[in-house]
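Order-wise, the sequence lines are chains B and S.
Residue numbers 1 to 193, in our numbering, belong to the letters of the first sequence in order.
Residue numbers 194 to 267, in our numbering, belong to the letters of the second sequence in order.
Hints in this document: simulated from the structure, not taken from any laboratory.
Where hints are given, some of them may not hold.
To be verified - Here are the simulated DSSO-like pairs of lysine-lysine, each with C-alpha atoms no more than 27 Å apart in a straight line:
| hint | chain 1 | residue 1 | chain 2 | residue 2 |
| --- | --- | --- | --- | --- |
| 1 | S | Lys240 | B | Lys118 |
| 2 | B | Lys52 | S | Lys257 |
| 3 | B | Lys154 | S | Lys241 |
| 4 | B | Lys189 | S | Lys240 |
| 5 | B | Lys67 | S | Lys257 |
| 6 | S | Lys240 | B | Lys177 |
| 7 | B | Lys164 | S | Lys195 |
| 8 | B | Lys52 | B | Lys154 |
| 9 | S | Lys241 | B | Lys177 |
| 10 | S | Lys257 | B | Lys19 |
| 11 | B | Lys67 | B | Lys154 |
| 12 | B | Lys67 | S | Lys240 |
| 13 | B | Lys164 | B | Lys154 |
| 14 | B | Lys164 | B | Lys67 |
| 15 | B | Lys67 | B | Lys52 |
| 16 | B | Lys189 | B | Lys118 |
| 17 | B | Lys19 | B | Lys154 |
| 18 | S | Lys240 | B | Lys164 |
| 19 | B | Lys67 | S | Lys241 |
| 20 | S | Lys240 | S | Lys195 |
| 21 | B | Lys164 | S | Lys241 |
| 22 | B | Lys189 | S | Lys241 |
| 23 | B | Lys118 | S | Lys241 |
| 24 | B | Lys177 | B | Lys164 |
| 25 | S | Lys240 | B | Lys154 |
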Amino acid sequence: MATQAPTPADSSRRSAFEKEALVHLDALYRVGLRLTGNAADADDLVQETMLKAYRSWDQYQPGTNAKGWLLTILRNSFINEYRRRTRHPETVDVDTIEPFAVFQDIQEEDPQGAFFDKIVDDEVLRAIDGLPEAFRETVVLSDVEGMSYQEIGKILGIPVGTVKSRLFRARQMLQGKLYDYAVGNGYIKGRKP
Amino acid sequence: MKCRECIEHLYEYLDRELTPAVEAEIRDHLSHCPPCGTKFDFEGAFKKFVQARTRAQGCPPELKQRILRELFDE
Chain B
1 MATQAPTPAD
11 SSRRSAFEKE
21 ALVHLDALYR
31 VGLRLTGNAA
41 DADDLVQETM
51 LKAYRSWDQY
61 QPGTNAKGWL
71 LTILRNSFIN
81 EYRRRTRHPE
91 TVDVDTIEPF
101 AVFQDIQEED
111 PQGAFFDKIV
121 DDEVLRAIDG
131 LPEAFRETVV
141 LSDVEGMSYQ
151 EIGKILGIPV
161 GTVKSRLFRA
171 RQMLQGKLYD
181 YAVGNGYIKG
191 RKP
Chain S
194 MKCRECIEHL
204 YEYLDRELTP
214 AVEAEIRDHL
224 SHCPPCGTKF
234 DFEGAFKKFV
244 QARTRAQGCP
254 PELKQRILRE
264 LFDE
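So that you can see chain B by itself, here it is in the shape it has in the complex (with noise of 0.2 Å):
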């Protein structure tokens, strides 16, 4: 492609996408691993990203939020092309979904919740992945990538109540499925019959 010397411009360009871009990578990598489910899609997801990103780079505005920006595209490139074939459509009405309290289970057991440290990082990531998508990626932009409610409203296009009740959902399934975990491993008695 690039056949001629690099400009001042280009390299400037380079610098710049560098400093404020390929930083966010490794997130951009997580939140793509969670969204498809796979690696091989990640990769190819995050890469694809990553051009684009680089070919709009002069949309972006310089020292504003280069992570929502690039996980905006990101998300939005999973939508137009990859969703369908990496996930079955949602089937669940998220809004129907019953909250599990775990802690009103857990409080005289354990309620400093000392159950999770025995929890590895594989199960996590697998109750994660079990979350319906709408659930999964708000918990994932918050829980792992430490977003605020308005940036994570801006990417995932929602408004801010709805990524409130989205996170309050999802951190109530993704606890109950990791007290099951737990239960089913003998690791809390639980009070479940």
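Dock chain S against the given chain B, drawing on the hints supplied.
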């Protein structure tokens, strides 16, 4: 602040989404309400736990190299 209102703000508090004034009201309530305090501690521990278990993963070095090549023709 009453327990109910305090619990309603639980996640916003843990996510640092509240104004300093509301945060202070909650801190005040938590300091003299052990049941709310325990619940907040539990949820806070869960949030930290999820973060700790999910952030180890990063972009594989081969992928980073591939992207750099594509972008800058290296």
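Has the given pair, Lys240 (chain S) with Lys154 (chain B), been kept, meaning a C-alpha gap of at most 27 Å? Holds, because 22 Å separates the two Cα atoms, which is no more than 27 Å.
Does Lys67 (chain B) lie within 27 Å of Lys164 (chain B) when you go C-alpha to C-alpha? holds, 20 Å
Lys164 (chain B) paired with Lys241 (chain S) [C-alpha distance capped at 27 Å]: Distance of about 18 Å is within 27 Å: holds.
Hint consistency between Lys240 (chain S) and Lys164 (chain B) [alpha-carbon to alpha-carbon, up to 27 Å]: holds, 15 Å
Given the proposed pairing of Lys240 (chain S) with Lys195 (chain S), does the C-alpha separation stay at or below 27 Å? Answer holds: Lys240 (chain S) to Lys195 (chain S) is near 24 Å, not above 27 Å.
Decide if the proposed pair is consistent with the structure: Lys67 (chain B) and Lys240 (chain S), CA atoms, cutoff 27 Å inclusive. holds, 21 Å
Quickly compare the C-alpha distance for Lys118 (chain B) and Lys241 (chain S) to 27 Å and report which way the hint goes. Holds. Lys118 (chain B) to Lys241 (chain S) sits at ~14 Å (cutoff 27 Å).
Pairwise hint evaluation, Lys52 (chain B) against Lys67 (chain B), where the allowed Cα distance is 27 Å at most: holds, 14 Å
What's the verdict on Lys67 (chain B) and Lys241 (chain S), does the C-alpha distance respect the 27 Å limit or exceed it? Holds: Lys67 (chain B) and Lys241 (chain S) sit about 21 Å apart, inside 27 Å.
Check the hint pairing Lys257 (chain S) with Lys19 (chain B) against an upper bound of 27 Å on the C-alpha distance. holds, 14 Å
Tell me if the straight-line CA distance from Lys164 (chain B) to Lys154 (chain B) falls inside 27 Å. holds, 13 Å
Pair hint outcome, Lys241 (chain S) versus Lys177 (chain B) [Cα-Cα no greater than 27 Å]: holds, 17 Å
In this structure, every one of the numbered hints holds.
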